[in-house]
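S.K.: All chains, please: the whole structure from these sequences, using the hints.
Chains A and B supply the protein sequences, listed in that same order.
The working numbering numbers the first residue of the first sequence as 86 and each following residue consecutively.
The working numbering numbers the first residue of the second sequence as 15 and each following residue consecutively.
These are calculated hints, taken from the structure and not from any lab test.
Beta carbons are placed, not taken as given, at the ideal position from N, Cα and C, and that holds for glycine.
Any given hint could be a false lead.
Taking lysine-lysine and the DSS-like style, the derived pairs with C-alpha atoms no more than 27 angstroms apart in a straight line are [as the list claims (entries may be wrong)]: (1) A/K88 - B/K773; (2) A/K138 - A/K187; (3) A/K187 - B/K492; (4) A/K88 - A/K115; (5) B/K704 - B/K315; (6) B/K427 - A/K141; (7) B/K438 - B/K411; (8) A/K187 - A/K211; (9) A/K108 - A/K141; (10) A/K273 - B/K180; (11) B/K411 - B/K429; (12) A/K187 - B/K230; (13) A/K141 - B/K492; (14) A/K234 - B/K230; (15) A/K135 - B/K492; (16) B/K492 - A/K234; (17) A/K138 - B/K492.
Here are a few chain A residues that sit away from chain B, every Cβ distance over 10 angstroms (derived from the structure) [claimed, not checked]: (18) K88; (19) S110; (20) I148; (21) K155; (22) S165; (23) G209; (24) E213; (25) T223.
Residues per chain, in single letters:
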Amino acid sequence: MYKNIFVVLGCCLIILGLVGITKASLMPIKAIIGQHYLEVAWKESLKNNKLSKPWKSADFYMIGELKVPKLKVSRVILNSVSGEAMAWSIGRVTNLNHALDKQPIILAGHRDSHMQFMSELNIGDKIELTMSDGVLTTYIISGTEVSDKPEVALSSVSLGSESLILTTCWPFNAMKSGDQRYLIFADKVNVSASIDNA
Amino acid sequence: MTIFPILIALSLVAYKTIKCIKFYNHKFVLKQITSPLVSSLIVLKNGLGGLTLITLFVLSLSSPLSAEYSPKQPSINLDDVESGQLLMRSGNFLSSAILLSTDINVAVAGSSSRTIISQRFINTGETWAEGVYVFPIGKNAAVDTLKLRIGDRFIEGQIKEKLEAKVIYEEAKAEGKKASLIEQQKPNLFTNKIANIGPGEVVVVQIEFQSKLLPKDGLWELRVPLVSAPRFDLDAIEEKIEFGNSGFSSKSINTGFNENIDVKILDKKEIFNPVEISIDLNTGFELSFLKSAFHEVDIDKKSNSHHRISLPGPISSDRDFVLRWEAEDKDTQTSLFKEKQGGYDHLLLTLNPPLTNKNTYTPEREIIFIQDTSGSMGGESIRQSKLGLEMAIKRLKPTDRFNIVLFNSDYSKYKPSPVLATNKELRRAIKFVRNIEAGGGTNMYPALAFSLDNFRSKKSVLKQLIFLTDGSVSQETKLFSLINRKLRTSRLFTIGIGSAPNSFFMTRAAEIGRGSHIHIGDINEISDRMEELFSKIENPAITDLELILPKGFEAEIYPNPLPDLYVGDPLSIAIRGKNASGMAQVTGKIGNQKWVAKVPLDQGAEQIGIAKLWAREKISNLERNRVSLSPNENQLAHMDTELLQTALSYGLVSRLSSMVAVDITPSRPVGVELGTTKLKAAIPSGWDTKQFEYEYKQIVPPKLQKVSNKNDWFKSANFIEKTEEYSLPQTALNWKASILLALLMCILGVAMLMIVGRKSNV
Numbered sequence: 086m087y088k089n090i091f092v093v094l095g096c097c098l099i100i101l102g103l104v105g106i107t108k109a110s111l112m113p114i115k116a117i118i119g120q121h122y123l124e125v126a127w128k129e130s131l132k133n134n135k136l137s138k139p140w141k142s143a144d145f146y147m148i149g150e151l152k153v154p155k156l157k158v159s160r161v162i163l164n165s166v167s168g169e170a171m172a173w174s175i176g177r178v179t180n181l182n183h184a185l186d187k188q189p190i191i192l193a194g195h196r197d198s199h200m201q202f203m204s205e206l207n208i209g210d211k212i213e214l215t216m217s218d219g220v221l222t223t224y225i226i227s228g229t230e231v232s233d234k235p236e237v238a239l240s241s242v243s244l245g246s247e248s249l250i251l252t253t254c255w256p257f258n259a260m261k262s263g264d265q266r267y268l269i270f271a272d273k274v275n276v277s278a279s280i281d282n283a
Numbered sequence: 015m016t017i018f019p020i021l022i023a024l025s026l027v028a029y030k031t032i033k034c035i036k037f038y039n040h041k042f043v044l045k046q047i048t049s050p051l052v053s054s055l056i057v058l059k060n061g062l063g064g065l066t067l068i069t070l071f072v073l074s075l076s077s078p079l080s081a082e083y084s085p086k087q088p089s090i091n092l093d094d095v096e097s098g099q100l101l102m103r104s105g106n107f108l109s110s111a112i113l114l115s116t117d118i119n120v121a122v123a124g125s126s127s128r129t130i131i132s133q134r135f136i137n138t139g140e141t142w143a144e145g146v147y148v149f150p151i152g153k154n155a156a157v158d159t160l161k162l163r164i165g166d167r168f169i170e171g172q173i174k175e176k177l178e179a180k181v182i183y184e185e186a187k188a189e190g191k192k193a194s195l196i197e198q199q200k201p202n203l204f205t206n207k208i209a210n211i212g213p214g215e216v217v218v219v220q221i222e223f224q225s226k227l228l229p230k231d232g233l234w235e236l237r238v239p240l241v242s243a244p245r246f247d248l249d250a251i252e253e254k255i256e257f258g259n260s261g262f263s264s265k266s267i268n269t270g271f272n273e274n275i276d277v278k279i280l281d282k283k284e285i286f287n288p289v290e291i292s293i294d295l296n297t298g299f300e301l302s303f304l305k306s307a308f309h310e311v312d313i314d315k316k317s318n319s320h321h322r323i324s325l326p327g328p329i330s331s332d333r334d335f336v337l338r339w340e341a342e343d344k345d346t347q348t349s350l351f352k353e354k355q356g357g358y359d360h361l362l363l364t365l366n367p368p369l370t371n372k373n374t375y376t377p378e379r380e381i382i383f384i385q386d387t388s389g390s391m392g393g394e395s396i397r398q399s400k401l402g403l404e405m406a407i408k409r410l411k412p413t414d415r416f417n418i419v420l421f422n423s424d425y426s427k428y429k430p431s432p433v434l435a436t437n438k439e440l441r442r443a444i445k446f447v448r449n450i451e452a453g454g455g456t457n458m459y460p461a462l463a464f465s466l467d468n469f470r471s472k473k474s475v476l477k478q479l480i481f482l483t484d485g486s487v488s489q490e491t492k493l494f495s496l497i498n499r500k501l502r503t504s505r506l507f508t509i510g511i512g513s514a515p516n517s518f519f520m521t522r523a524a525e526i527g528r529g530s531h532i533h534i535g536d537i538n539e540i541s542d543r544m545e546e547l548f549s550k551i552e553n554p555a556i557t558d559l560e561l562i563l564p565k566g567f568e569a570e571i572y573p574n575p576l577p578d579l580y581v582g583d584p585l586s587i588a589i590r591g592k593n594a595s596g597m598a599q600v601t602g603k604i605g606n607q608k609w610v611a612k613v614p615l616d617q618g619a620e621q622i623g624i625a626k627l628w629a630r631e632k633i634s635n636l637e638r639n640r641v642s643l644s645p646n647e648n649q650l651a652h653m654d655t656e657l658l659q660t661a662l663s664y665g666l667v668s669r670l671s672s673m674v675a676v677d678i679t680p681s682r683p684v685g686v687e688l689g690t691t692k693l694k695a696a697i698p699s700g701w702d703t704k705q706f707e708y709e710y711k712q713i714v715p716p717k718l719q720k721v722s723n724k725n726d727w728f729k730s731a732n733f734i735e736k737t738e739e740y741s742l743p744q745t746a747l748n749w750k751a752s753i754l755l756a757l758l759m760c761i762l763g764v765a766m767l768m769i770v771g772r773k774s775n776v
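M.R.: In structure tokens:
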């Protein structure tokens, strides 16, 4: 009697499920393919020495590259943290009320794609950053913190690119979004110090 | 027949899963996807049915799947701080110092309040300790005065130019003081480090801050946080006490002393940390209601709009002090407060609109919605924004005209010009909104230019632009000047949707557009906040406000231009000039009728804090101009000089000035030993003797008195600075959860078909 209804319902569920799977699996696929493409575009823009969009319809620019030698990870940094930009790579968080060169570099990315590697970083690890000027700066992780609110208030003593902060959602393996954020603080290594090490 | 789709579905599911796992070949994916997958398959095999599956899925959603990775948590959670506390650190042990007394003084002028808090603490520890004073000042508040007395030392927070402040800070750092570069600070919490507090020493802290009170439905509330600090837990101390290698002697608290700080001290008969409160409530409007929520108070009525509130005697700090008042629902009233400082008269003119709309007509309106559909809106932002837009459209009345403009790299419009909001039109518009999708670049200029020129009615109609965007724009200056040029009689309201919109752009745009800005960060708030905004702007109390000053009186006025006045939402205008006298006029329009109020400038109530309030307005205006006017280098330098001068002469923390703690202990005659009890500490001039002058034996309960060993102290420097807030975006794709959900849907469907198939076979 109800057989037909169940058959239709079952088929509908299967179709919906398949569509869902396709849509969801596109996210990590986009993240990985995008990263390769961005890297090529970034190298190109470093050569040309000007800020550029990776492709024409993009609503963001590439402003730098982040490398973690320990994990062999590299990520292109975008100037935006909108949903669209973060689907492709990590973005820089800015406070528009202040001059950009007076702000610390805060980078945000998805915990389940581009910033997954944050869970494997520890105090003392090295992070390398190349911004659009092409100069490589090394940072060393000085601390980590979990914030209960999706915001961070920083004293403006911490000027400019002296400090680097990586952020992503917390906890890493949770399955839904929340307000908690995981923060990694890193300080710039003096140029002279890095020469000594080498 | 039915076996076919099942086979196809199953193979597709398997293919997709394998592809995905292959593609993202990390151990975490395998661990997380396979474990629920395997378990759910087993559950299915055992024939437990779909319900269990769904429960399983819900469970897997609500709890993280594998063990949590936990980094080092901060040792003290500042979120727990609910009232003024002095947190003491000695070695690596943190506790809160015993509070001896609290004195609170609040002066309310219209919608701004100035609070002076004085608290006395005692270091009951055996060792020298470092303390952190914390006080929850609340939102919209800023501390501008700090005074400290630690034993016989006097320290004052002084506003210095940032460069100078930094030199002092660096000096202290060079002397081996701890000076961390990045410090996470909570924006609503005032914190200040106090170094080298001797054993048995009394610490007096006095801070002053200005804050803004916001009424809700005509009801005002002033809350003084009093709930006391967690008290000494003696057992806990004995167990936890351990001094690290920080140079402190590892002496444990002697038991004799422990017995003295017994719970008995906290007995009611001897109010241990008495609180005194006095409030000068100068509302500027007549009150229909004034009440203290939890405490008995004495109210001294000076006039219908001026009351002095005090406590009959000291109270114990076991609950917050809450004062509530409500305005009488009258036509718009004006009030004036003033303060003389540095040869200038500072005036605060407040317009208090009625609580309910007294306008008897419904104004005709013309509304243009501008929706940002650029790529940066993609995801949650556009979803929320569409919802908000739909809600706004549903609120339109049949007499209203409306239009919708969408933009990304290009712009498109719903209709060439605004149309009447008939039912049929509304349905069509909602369908139009639902089809919006985000993508492409952000080119705001042509859309805004089109919209500003799109109004078709004549003057007497309310013209409103509702702008929904995340505000990620590049040519802000051009946009501001466009709004300025083409606004005419219309008003621009900006609604920021999403977690981190460009609030600066939107606030400024609304200011130039003489409207207002709201930010909706939480999807659950959309309907409430939209309702709030729309019921407000549907019928403004007074429009086209203008302030006409008497001849010969020149003044700087903020905000400029004046926004409209809305029901239940008072407007404060800060004015500074020399020798204020004569009659000022505030004019405006109620519908089509003219409205005039006369304000005699020489009669306002004297109130402290008005000068600082004006200076704060001026600084924020300068900060905005700095960005929006895109000045050249010369103008920029000029603006910064002006800003710094204002900040220094009014003693405010700003982008260019910081507060540094400076030791100002009056010098002693040579040869007199420190700490000899004979010598009474001399209070620096200008300091409140009631709070800072005390007799040690009188204010410290006998049980806590002990001889304090006075030692030399180090020069200490604290840096009190404006902190900058960065909002951190939502950073989880949750694709694993989506895949899981979709997979379970498939399995449920397959199970359903199988069950049906089996039944029909039987």
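S.K.: Which hint numbers doesn't this structure obey?
M.R.: 4, 12, 16, 18, 19 and 22
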